[in-house]
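Asker: Here's the letter readout for the chains.
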Amino acid sequence: GENVEQHPSTLSVQEGDSAVIKCTYSDSASNYFPWYKQELGKRPQLIIDIRSNVGEKKDQRIAVTLNKTAKHFSLHITETQPEDSAVYFCAAAGADSWGKFQFGAGTQVVVTP
Amino acid sequence: NAGVTQTPKFRVLKTGQSMTLLCAQDMNHEYMYWYRQDPGMGLRLIHYSVGEGTTAKGEVPDGYNVSRLKKQNFLLGLESAAPSQTSVYFCASRRVTTEAFFGQGTRLTVV
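As given, the protein sequences belong to chains A and B, one line each in that order.
The first sequence runs 1 to 113 under my numbering.
The second sequence runs 1 to 111 under my numbering.
Bound-form chain A, shown alone (with noise of 0.2 Å):
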């Protein structure tokens, strides 16, 4: 089955700076990666996701790049502020595994003033 490996487990950023999260799958079948968001207390909520047959995607300023020889995708968040402070969850999902959904281990990001 698939296993998603997250990097890194926590991240502390000033204001302003950029943010990279990690993640390395091992299913070469998964061709759907998401990444979610969550504030303390609620549910995660999806901020942007990206197929096999992309390369890279953005929505602001928040991009994920992908690369499928690798296995591995990143979540990249640009001039962060600190609404930007969070959990961040990575997953990957494919025919494969079945309907299988699993997530990595979490990053929690701190941005600070």
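Derived by calculation from the structure, the hints in this document are not laboratory data.
Take these hints with a grain of salt, some might be off.
[Claimed, not checked] Calculated cross-link-like contacts (lysine to aspartate or glutamate; reagent style EDC-like; alpha-carbon spacing at most 16 Å): (1) A:LYS42 x B:ASP38; (2) A:LYS37 x B:GLU99; (3) A:LYS71 x A:ASP27; (4) B:LYS57 x A:GLU2.
[Stated by the list, open to error] Simulated restraints, written as ranges between beta carbons of each label pair: (5) B:ARG95 x A:GLU79: 31 to 37 Å; (6) A:VAL54 x B:GLY77: 37 to 43 Å; (7) A:GLN45 x B:PRO39: 18 to 24 Å; (8) B:ASN28 x A:VAL54: 24 to 30 Å; (9) A:THR10 x B:PRO61: 27 to 33 Å; (10) B:ARG95 x A:LYS71: 20 to 26 Å; (11) B:ASN28 x A:LYS68: 27 to 33 Å.
Using N, Cα and C, we set each Cβ at its ideal position, and we do this for glycine too.
The hints should help you fit chain B onto chain A, whose structure is shown.
Answerer: Using the frame of chain A, we list chain B on its own:
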């Protein structure tokens, strides 16, 4: 359109008691999931279902059972609760290879 709704939101159980958590979705999603989230930890998959009448084990299935008798509902049962099952439980649903939508979570304490 309510999305994914979990019942109850909070519950305190005594060790050995049983209970059922209900997850309901109104988006006609095929796949449904139960996760647990412990403090400082990620989302660990307990059980999941790829369609009505089907269930499968995730990473941490021991001590839990599930049923999906109707497409819109996914039930998580604890037959004999243990303190180690104190956690926040999230249900989620999605279509094949699309985003997952989460319920608001159920905070369960076993004393």
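Asker: Failing hints, ascending?
Answerer: Nothing - there is no hint that the structure violates, so all of them hold.
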